[in-house]
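Participant: Now for the letters of each chain:
2 protein chains.
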Amino acid sequence: MADEKVVRFGILGCAAIARKLVRAIAISPTSSVYAVASRSIDKAKAFASANNLPPEVKTYGSYEQLLDDPCVDALYIPLPTSLHLEWALKAAYKRKHILLEKPPALCVEDLDIIIEACNNNGVQFMDGTMWMHHPRTPQMKAFLQNPDLFGDLKLVQSTFSYAGSDKFFEEDIRVKPDLDALGALGDVGWYCIRAILWANDYEMPQSVIAHPRPVLNEGGVVTCCGATFSWQDGRVATFNCSFHSPMTMDLSFLGSKGNMRLHDFVIPYEENTASFFSSANTGKHKEISSGWGPRSSEHIVTTKFPQETMMVQEFGKLVKGIQDSGGKPDSLWPSISRKTQILLNAVNESIQEGLVSVTL
Amino acid sequence: MADEKVVRFGILGCAAIARKLVRAIAISPTSSVYAVASRSIDKAKAFASANNLPPEVKTYGSYEQLLDDPCVDALYIPLPTSLHLEWALKAAYKRKHILLEKPPALCVEDLDIIIEACNNNGVQFMDGTMWMHHPRTPQMKAFLQNPDLFGDLKLVQSTFSYAGSDKFFEEDIRVKPDLDALGALGDVGWYCIRAILWANDYEMPQSVIAHPRPVLNEGGVVTCCGATFSWQDGRVATFNCSFHSPMTMDLSFLGSKGNMRLHDFVIPYEENTASFFSSANTGKHKEISSGWGPRSSEHIVTTKFPQETMMVQEFGKLVKGIQDSGGKPDSLWPSISRKTQILLNAVNESIQEGLVSVTL
Numbered sequence: 063m064a065d066e067k068v069v070r071f072g073i074l075g076c077a078a079i080a081r082k083l084v085r086a087i088a089i090s091p092t093s094s095v096y097a098v099a100s101r102s103i104d105k106a107k108a109f110a111s112a113n114n115l116p117p118e119v120k121t122y123g124s125y126e127q128l129l130d131d132p133c134v135d136a137l138y139i140p141l142p143t144s145l146h147l148e149w150a151l152k153a154a155y156k157r158k159h160i161l162l163e164k165p166p167a168l169c170v171e172d173l174d175i176i177i178e179a180c181n182n183n184g185v186q187f188m189d190g191t192m193w194m195h196h197p198r199t200p201q202m203k204a205f206l207q208n209p210d211l212f213g214d215l216k217l218v219q220s221t222f223s224y225a226g227s228d229k230f231f232e233e234d235i236r237v238k239p240d241l242d243a244l245g246a247l248g249d250v251g252w253y254c255i256r257a258i259l260w261a262n263d264y265e266m267p268q269s270v271i272a273h274p275r276p277v278l279n280e281g282g283v284v285t286c287c288g289a290t291f292s293w294q295d296g297r298v299a300t301f302n303c304s305f306h307s308p309m310t311m312d313l314s315f316l317g318s319k320g321n322m323r324l325h326d327f328v329i330p331y332e333e334n335t336a337s338f339f340s341s342a343n344t345g346k347h348k349e350i351s352s353g354w355g356p357r358s359s360e361h362i363v364t365t366k367f368p369q370e371t372m373m374v375q376e377f378g379k380l381v382k383g384i385q386d387s388g389g390k391p392d393s394l395w396p397s398i399s400r401k402t403q404i405l406l407n408a409v410n411e412s413i414q415e416g417l418v419s420v421t422l
Numbered sequence: 063m064a065d066e067k068v069v070r071f072g073i074l075g076c077a078a079i080a081r082k083l084v085r086a087i088a089i090s091p092t093s094s095v096y097a098v099a100s101r102s103i104d105k106a107k108a109f110a111s112a113n114n115l116p117p118e119v120k121t122y123g124s125y126e127q128l129l130d131d132p133c134v135d136a137l138y139i140p141l142p143t144s145l146h147l148e149w150a151l152k153a154a155y156k157r158k159h160i161l162l163e164k165p166p167a168l169c170v171e172d173l174d175i176i177i178e179a180c181n182n183n184g185v186q187f188m189d190g191t192m193w194m195h196h197p198r199t200p201q202m203k204a205f206l207q208n209p210d211l212f213g214d215l216k217l218v219q220s221t222f223s224y225a226g227s228d229k230f231f232e233e234d235i236r237v238k239p240d241l242d243a244l245g246a247l248g249d250v251g252w253y254c255i256r257a258i259l260w261a262n263d264y265e266m267p268q269s270v271i272a273h274p275r276p277v278l279n280e281g282g283v284v285t286c287c288g289a290t291f292s293w294q295d296g297r298v299a300t301f302n303c304s305f306h307s308p309m310t311m312d313l314s315f316l317g318s319k320g321n322m323r324l325h326d327f328v329i330p331y332e333e334n335t336a337s338f339f340s341s342a343n344t345g346k347h348k349e350i351s352s353g354w355g356p357r358s359s360e361h362i363v364t365t366k367f368p369q370e371t372m373m374v375q376e377f378g379k380l381v382k383g384i385q386d387s388g389g390k391p392d393s394l395w396p397s398i399s400r401k402t403q404i405l406l407n408a409v410n411e412s413i414q415e416g417l418v419s420v421t422l
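Protein chains in written order, with the working numbering: chain A, 63 to 422; chain B, 63 to 422.
Hints may contain errors.
Copies of one chain are not kept apart here, so a pair can be met inside one copy or by any two copies together.
Stated by the list, open to error - 25 angstroms max Cα-Cα, derived DSS-like pairs, lysine-lysine:
| # | residue 1 | residue 2 |
| --- | --- | --- |
| 1 | LYS229 | LYS319 |
| 2 | LYS379 | LYS107 |
| 3 | LYS319 | LYS238 |
| 4 | LYS120 | LYS152 |
| 5 | LYS379 | LYS67 |
Note that these hints are calculated values from the structure, not bench results.
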């Protein structure tokens, strides 16, 4: 377990999402779960037991104890967003590499402090946006970048929703202003915004405007909203995110020559295969007398490891690069996190300021 | 051909779309093509010949001659939008029932004059929105109205685009300010707006705001734009229409319990079968450990006649009702046209006024 070839992870907090990452880390040949911490030792032990962690995995009854363990290389932090700044900073100062659940911060100012602390302490920062690491993602990108098949990007549309239960709306951290003040925007809108940025090669839009009638709970937390982004050259993107509609994860792209779509962009329907649909060069305008085509073609991408393991491996590769050759932390992933955070907060600002257009 | 049991159509103008309607009218057992008019007799004869119309079909070298033919019951008018007011009024005064291509008018004031003239002269008015008449449409509606499977409507999104050729952008009537001043909004946006209204049981939104960066040609005609509609109870709809992207006809709906989508809503991929995809009750929120489902189910709807023939039959039924029992013109279809036109013009107003929110 203390194999020096692998990145030894500490899990800071026992959120439900941590189950998934514990499995992902265990599956990955380049990482291991070294320790688990909760605010009580009983909760940490219960989590270790519920996830069938081997007995040599350490359990801690406080986050500080985990940070003080010199054998922990990296932390996975699935804490509520309002705790990210404190614990990411403490982790960076203890020279732990950080895989931080999204949204990484409540505002870009906080995120900048976290990223700076990571850089100053020579540790890697990455947020937990898993779909970025699925092998489907670069294949989709190749289609979007194909000048003959897709052409110039014109429009991106994304929707991510799930239906909260009554209990969810009463108790879940995602609807509590003191825990996850960004609500649905931070939890599900994050993915839509990331997808829009990704499709636009991370070029920031010129303006952001929230759609009318966002839904906020009595604590002022957004539970449903949408927005439109626009770029100077005419590109447009819209997204919708919600806790009030059933599981939907749609992403579609319209180019000058082709289009592409998928319906499971955040979490693929299946773990080892995933697909997307594209159509290209359907011809110039003509009156359609009866029927048309071709329909979109399905592209199937297989993966040996689930996307969360691919993420852990990418993160581990960067960590090993720093550990083994004294390299600097990679700046790509932090810069992508930062842009996503800026847009997230711009949408929130537009909502809070009465649907004004926010210029970036 | 002069069978009194059928509605005898005159075709006013030989636009490309008229080919489709001539076939639709011929297929329908309750209608026949009685006469064709163009501004020159040669064009009318060439159209009759190119469409294999039987020799008894009359050809006229002026629109007035067609209007003066007492055997013509109804007109199909595929003229450029700027000519609709003049020729629909002349037709109504000659007591011809009117099937008018969309958009029916340049503004709702003109449309109101047309509809009033039809009512005053006891003739039926209907616009040429074919997909409304496909048997798939009421089946989709049944899903949207199912409180257990779909629940309350939250979001509608629609995209209709096709790619204009260089010749299209130079010559086509759809990009000429003096012929079809509403451009892409009138030609393809019309369908998106209609679909949004249809899904909302024709309840008008409270506000309309165009998306940033609409594309206008040098004549000021919109060739690409989008907009967001919102209702007081939180429902939202967005659409995008364009002459700059390949053939795309997407329509999706998000409810409180289910979702639905299709990718050929304006013109089905095939003439005799069409499908839509829905998913319902995917369960309340839970952390997804790996994969999810069920995927959407496909619902296949078959039709004996293509949707344009279904439209001709619906129109013919209303015409026969007036002819046979002296009934009044039906007001449903004109009222739906009118609401679509109001929204179309509200989007145009938002664009022309610098992306203001238009309150209805």
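Participant: If you check each hint against the structure, which ones fail?
Facilitator: When the structure is compared with the hints, only number 2 turns out to be violated.
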